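Let the sequences and hints guide you as you build the complete structure.
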Amino acid sequence: MSDFEPKVVAFVCNWCTYAGADLTGTSRIKYASNVKIIRFPCTGRIDFMLLLKSFANGADGIIISGCHPNDCHYTSGNFHAKRRWIMFKELMDFMGIDMKRITFSWVSAAEGARWAEVVNTTVARVRELGPYVSYKQMVNTHIEEEVTNE
Amino acid sequence: MARIGVFICHCGENISATVDCTKVCETTAKLKHVAYATEYKYMCSDPGQSLIKEAIKKYNLTGVVVSACSPRMHEPTFRKACAEAGLNPFLCEMANLREHCSWVHEKSESTTQKAIDIVRILVEKVKHNAALQPIRVPVTKTALVIGGGIAGIQAALDIANCGHKVIMVERSPSIGGHMSQLSETFPTLDCSQCILTPRMVEVLQHPNITLYSYAEVEGLDGFIGNFVVKIRKKAKSLDEKVCTGCGLCITKCPVKKIPNEFEQGMGFRHAIYVPFPQAVPNKPVIDREHCTYYIKGKCKVCEIVCPTKAIRFDQPDEVIEAKVGAIVVATGFDIKHADFFPEYGYGKYKDVIDGLQFERLASASGPTSGEILRPSDGQKPKNIVFIACAGSRDPAKGIAYCSKICCMYTAKHAMLYKHKVHEGNAYVFYMDIRSAGKNYEEFVHRAIEEDHVNYIRGRVSTVYERDGKLIVKGVDTLLGAQPVEIVADMVVLATAGIANNGAEQLAQRLHISYDSHKFFAEAHPKLKPVETNTAGIFLAGACQNPKDIPDSVSQASGAAVKVAVLFSQNELTREPLVAVVNRMGPPMYSTCVGCFMCQPVCPYQAIEREEYKTRDGKVIKTVAKINEGLCQGCGTCVALCRSKSIDLYGYTNEQVYTEVVALLNDY
Chain B
1 MSDFEPKVVA FVCNWCTYAG ADLTGTSRIK YASNVKIIRF PCTGRIDFML
51 LLKSFANGAD GIIISGCHPN DCHYTSGNFH AKRRWIMFKE LMDFMGIDMK
101 RITFSWVSAA EGARWAEVVN TTVARVRELG PYVSYKQMVN THIEEEVTNE
Chain E
1 MARIGVFICH CGENISATVD CTKVCETTAK LKHVAYATEY KYMCSDPGQS
51 LIKEAIKKYN LTGVVVSACS PRMHEPTFRK ACAEAGLNPF LCEMANLREH
101 CSWVHEKSES TTQKAIDIVR ILVEKVKHNA ALQPIRVPVT KTALVIGGGI
151 AGIQAALDIA NCGHKVIMVE RSPSIGGHMS QLSETFPTLD CSQCILTPRM
201 VEVLQHPNIT LYSYAEVEGL DGFIGNFVVK IRKKAKSLDE KVCTGCGLCI
251 TKCPVKKIPN EFEQGMGFRH AIYVPFPQAV PNKPVIDREH CTYYIKGKCK
301 VCEIVCPTKA IRFDQPDEVI EAKVGAIVVA TGFDIKHADF FPEYGYGKYK
351 DVIDGLQFER LASASGPTSG EILRPSDGQK PKNIVFIACA GSRDPAKGIA
401 YCSKICCMYT AKHAMLYKHK VHEGNAYVFY MDIRSAGKNY EEFVHRAIEE
451 DHVNYIRGRV STVYERDGKL IVKGVDTLLG AQPVEIVADM VVLATAGIAN
501 NGAEQLAQRL HISYDSHKFF AEAHPKLKPV ETNTAGIFLA GACQNPKDIP
551 DSVSQASGAA VKVAVLFSQN ELTREPLVAV VNRMGPPMYS TCVGCFMCQP
601 VCPYQAIERE EYKTRDGKVI KTVAKINEGL CQGCGTCVAL CRSKSIDLYG
651 YTNEQVYTEV VALLNDY
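These protein sequence lines map, in sequence, to chains B and E.
So the first sequence is residues 1 to 150, counted in the numbering used here.
So the second sequence is residues 1 to 667, counted in the numbering used here.
Source of the hints: derived by calculation from the structure; they are not laboratory data.
Note that the structure is a prediction, hence the values are computed from the model and not measured.
Check each hint, because a few of them may be wrong.
As the list claims (entries may be wrong) - Each computed DSS-like pair below joins lysine-lysine, with the alpha-carbon atoms no more than 27 Å apart:
| no. | chain 1 | residue 1 | chain 2 | residue 2 |
| --- | --- | --- | --- | --- |
| 1 | E | K518 | B | K30 |
| 2 | E | K528 | B | K30 |
| 3 | E | K644 | B | K53 |
| 4 | B | K82 | E | K420 |
| 5 | B | K30 | E | K526 |
| 6 | B | K82 | E | K528 |
Unchecked claim - Sample of chain B residues with no beta-carbon within 12 Å of chain E, all distances over it, derived:
| no. | residue |
| --- | --- |
| 7 | F104 |
| 8 | S105 |
| 9 | N140 |
Quick reminder that beta carbons are idealized off the backbone N, C-alpha and C, glycines included.
Below is the structure:
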């Protein structure tokens, strides 16, 4: 397990967390290189199907991060993301997805150190959990079940 | 077929020190559809940009990925370069190899691999970019200035003198801000009021400036060039047009013992009051919290004595809406007050005061008419101790930053004291003397050498009272950390400058960022110090971080120029990164089923209904349509849409799903 390097996808908003991650860089704070960032205008834009798509393509962990409540550049996108997250979390949990692999957090443009912390804790946790092979197994089982039912 | 060009920047050594740029270049050159890949030391420089332009023409590129710093830094630079070479600017993307890779990881194979991956993701994305045309919007050439301190005044005058209309909103009954409270200013010992009040009058009299004092910004809608601001004009309880400002009402008002905010609680005012004699506008307001009429329902002395019958007890707050094209936020700062320094006895001993209170004591218009007298017994203090960095540069107190102005005003205070109490002794406890600024260092030296102020380098641990005297216990670190005890008559704390009360709420109303100390955040610490992250909103003065008068004035003029630049155009071009509902031929017209779930989530009311009708006017289908003038491109509707009929230019489903797949799958 020691040489397992988790693949972590980060979905972040442009105005807070992307800028916060820029500040981590400007402040030269080091963090795990496992994470790769995809920029969105707002967490409200994040379609949660992207999470499933990520797992289906071999992601071991996911970070979703945007502006703190009330600080959204677009007033309320982060609230919609939060509400969507609350619903989707239940659904994904019900489906058997390992929720420990997903981090939902707020990181502002001024919180460079916090971004490093969010990344490092997520990467450490996912590293502990190991590669997410059970997702593919789970999906395959469902498909097989459907096939046999037919 | 896509022909992508990849341009890898070394950023001097900022990227190349930890990322093997040559390897990134060689690897990405082999990617599918990459027609050209190269590296250069400074891609943002003129030769760097020329490199991109020439490559676009030579290789007939259909997309460009500049792998350099954050797109928040240089995306406009490179998009402009692409446009100059004839490539649609929205076909250019940036891979963030500096802030998100080279600066945050150690030099290693995996860092280089991550850099390659980042470039690869963006190469895949840019293949799906569409050539977009910028949206043109008109500009309302009126500026809103929030805050009437010296920064707001300077910005308003500069903009107004460019020939543009300005609306100034000030929370308190008078403009002037903290500068109007100061006695004299460093390093010239100019009388603060004497240099400020003419400017205040100029604001009032300027034909291009509309001043709303005793008013607050309640809400903001719209975007750069086209904001709609809601201003609450708090009821002054008098008709300003009728009032002559004679002041008779004030002298007759029976409620006299309200601590005066302008005098920092060291004097009293009436319930109907003008904050200070030189106030602008010089017309009183009724403080409804303290006025007997509003508390008990009777009194009305002011109404009876008013010779012009200007008092209006039943006046309501008025909320007005104004269209503005740009906003300058100049709401200033505050200083840390009581309870913060239990060890220094602030709030417990009357003779322990803060810097702003000392300003009022030293001011000719202050409660003592400029004499330095102890608040407790009105005696001249023989020994006075100034404590610099009271709160500032003290992470234990939660304020790690330097408040910047305290070193200088403490030197000024000590000097003013010595000028007024010749036989007295002034002591200053300090950590370091930070006197960067023109003639500042010389000023501090004058205080030490000519006015014989005793500077002691060290911290004060405690201040307590013994036999009517304040005992200041500290340490002198230049004498080998020797304990020092000074028997003082008065102690002045140079308390930390903090964000103004209400700054957080205002930032949320304006949708601008702020830091952990609630100071407003600039768009870039070096190159965009007056801009905010929200286009069309600029910062001036100490609302950004504590700063002195010349810095505030310079920044205000800077902000004013930014506004003038904006107003020099009749039309603005806006990034076309907006949401769009798909359209197709009949009978579908769109995959939109017309559920309109998107309508309530849109923060900008940009979603409209569009009806498709038959020739005889029968509605066949109602579908959503997005007003691109109102849409700001947050994409909340896109993620919400149940039939996946909405997409967001620049972040289309195709683009983001491609990014995810590219990110996770090795080539």
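Item to check | 27 Å Cα cutoff - pair E/K528, B/K30 | outcome: holds (26 Å)
Next on the checklist: Would the hint linking E/K518 and B/K30 be met if the CA-CA limit is 27 Å?
Outcome noted: holds (26 Å)
Item to check | Satisfaction of hint between B/K53 and E/K644, Cα-Cα up to 27 Å | outcome: Distance of about 16 Å is within 27 Å: holds.
Item to check | Non-interface label on B/F104, tested against every C-beta of chain E at 12 Å | outcome: holds (15 Å)
Item to check | Closest CB of chain E to the CB of B/S105 still more than 12 Å away | outcome: Fine: 16 Å to the nearest Cβ keeps B/S105 off the interface.
Checklist entry - Is the straight-line distance between the alpha-carbon of B/K82 and that of E/K528 27 Å or less? => result Given that 27 Å is the threshold and the Cα spacing comes to 32 Å, the pair is violated.
Checklist entry - Does B/K82 pair with E/K420 here, judged by a C-alpha cut-off of 27 Å? => result violated (61 Å)
Next on the checklist: Check whether the Cα positions of B/K30 and E/K526 lie no farther apart than 27 Å.
Outcome noted: holds (22 Å)
Checklist entry - Any Cβ of chain E at or closer than 12 Å to B/N140, or is the non-interface label fine? => result Its Cβ never comes within 12 Å of chain E, the nearest being 18 Å, so this holds.
The structure fails to meet hints 4 and 6 from the earlier list, while all remaining hints are met.
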